[in-house]
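Engineer: From first to last, the protein sequence lines stand for chains A and B.
Its first residue numbered 1, the first sequence is counted upward by one per residue in the numbering used here.
Its first residue numbered 1, the second sequence is counted upward by one per residue in the numbering used here.
To be clear, the hints were calculated from the coordinates, so they are not data collected in a lab.
A couple of the hints might just be wrong.
Here are the simulated DSBU-like cross-link-like pairs (lysine-lysine), alpha carbons at most 30 Å apart as the crow flies [what the hints assert, rightly or not]: (1) A/K201 x B/K44; (2) B/K109 x B/K179; (3) B/K263 x A/K239; (4) B/K345 x B/K25; (5) A/K17 x B/K263.
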Amino acid sequence: MNILVCIKQVPDTNEIKIDPVTHTLVRKGVPSIVNPFDTYALEVGVRLKEQLGGKVVVISMGPEQAKEALKTCLSVGADDAYLISDRKFGGSDTLATSYILSSAVKAVEEKEGLKFDLILCGKQAVDGDTAQVGPEMAEHLDLPQITYALDIVYEDDKIQVKRECDDGYDMITTTLPAVVTVVKLPYEPRYATIRTKMAAKKKEIPTLTFDDLKTDEAYCGLGGSPTKVKGTYTPNREKNGVKLNGVEANDAGAQLAEWLQTNKIL
Amino acid sequence: MNFIIDEEHQDLIDLYREFAENEVKPIAAEIDQTERFPQENVEKMAEMGLLGIPFPEECGGAGMDTLSYVQCVEELSKVCGTTGVIVSAHTSLCATPIYTYGTEEQKEKYLRPLAMGEKLGAFALTEPGAGTDASGQRTVAELVDDHWVLNGSKIFITNAGAADIFIVFAMTDKSQGTKGISGFIVEKGFPGFSIGKQEDKMGIRASSTCELVFENCIVPKENLLGEVGKGFRLAMSTLDGGRVGIAAQALGIAEGAIDETVKYVSERMQFGRRISQFQNTQFELAKMKANTEAAKLLVYQAACAKDNHENYSHLAAMAKLVASQNASDVTRRCLQLYGGYGYTKDYPIERMMRDAKITEIYEGTSEVQMMVISGWMGVK
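Looking at chain A on its own, in the form it has when it is part of the complex (with noise of 0.2 Å):
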């Protein structure tokens, strides 16, 4: 089995700074790491992999510090990583950027000369927090999607998926290719060895660009990016919320919407 992986170079920290001009996120002094999600994505890939054969490919589109965080995964078990990046990706939202990466698995393929049967990503980014990406990269590719992964099982050329949701699972089964995004798992992605360090390390990764694509520049950057922010701020932490606990989800919210109602709140 194939896969791509896409991962994002976030700042580890929980403590995000965003530049109150640009209303973009300060990248400048924090360090950086794998999106966390997008480790458990790939976890999830490589273990795919080990017992199906085939190669993890990862891709990121980013500045060329993204390199670092692909490196990082070529040392915990992805085969190969391009960067993806280009002056006219820049100021990407969510739809620019899942139009972008969807036009790289076409390039990726091409370059690798092999087909993705699955696309994983984390379910979110823990900087921008949309979740986004993962399903408007499965409409871009017109391709099947399942969110919220914790376990992905391979038989007969389908993958039968567990989805997390508030009540329990679901068990949704789909035709590949498709696009799966991943949630924390209940195991930890694997250390990097010492060895496998030192070959991420000698390893190359190329870089693709806006001419490597064949994508429409109309679609790309800031100019393809219908989200415009108006404002950000960091939410005051307060502790005299209601809490209802041991309450099943259904009598929750009735017991919120008569809570909104009695205060003149709806």
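With chain A fixed as given, assemble chain B onto it according to the hints.
Structural biologist: What follows is chain B alone, placed relative to chain A:
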């Protein structure tokens, strides 16, 4: 002189640190209190290549060097002195002498699984009557037909309860004194070999320190390590390497204690101020940090000298002398900054203080290190 850690070593330090923080630190207090050998982490370290760092890949090792190995022991010891010494004893005292003195067959049979971490190693020199005076070996080995027969006992053997392969020293010719001592590779299951009682120790409590008993223990003839009668030299040169490992353990314990204390004093309030705002706290920690950095340079210097195949006995002795005394000093001072809370097991500092003390004792006491250094200086 170049005091910059290159990218390759730094990357591996990051790897060691990530493992130490995520896997070793969370169980450090528990294994100290229960004296439980951390087998699960030894297995994880084996997978990552941490049990064969300085050995070539063709021998099953990770193909790195002594410097990277001591940096691993340092990072582990920052959070758990026990885990640091498990790796140090295995690597320096068991795998290294086989790599240095073993035959090709011995390397294939014993070094490879040790370096790959499939087997754990230990080193047995000390006896009830032969500690610092290691020449007073009472364990004897006699060649009978095609095998050696060992009789005697060893004490204070690190990793003993968990190890598969032991480097054991015994008298093959009592009349020759130290020139009558030989080294052997002994497997856990050899007939007549058993593990005795486990010591109840002050610190490094999970490292499984036990007695070894040899009662007509049968060791194949080909398991002689090095030449007959050259065992004492082999043991001493092995301990030179071991001392760099223990110096790194001591260095790590001191660094770990300082890290924890900096966090504590930045939060603890007394007299309406954080105790980090008092000049006594600032000066204490500044002195500790400066001395610890000095120890680090000595440890790294000794490791680099070994990697460069220079004579490094005196450098290893200096590194161990300074780093171990610093570790005891730093952990004691850090505990003082903690005050009463530091004396409880709710905080790691009392464990670090207990772990630090042994670094002044094993693999040559501080007094032995001073004998080595003064001898090298020609002060007789």
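Engineer: Could you tell me which of the hints above the structure violates, numbers in ascending order?
Structural biologist: none
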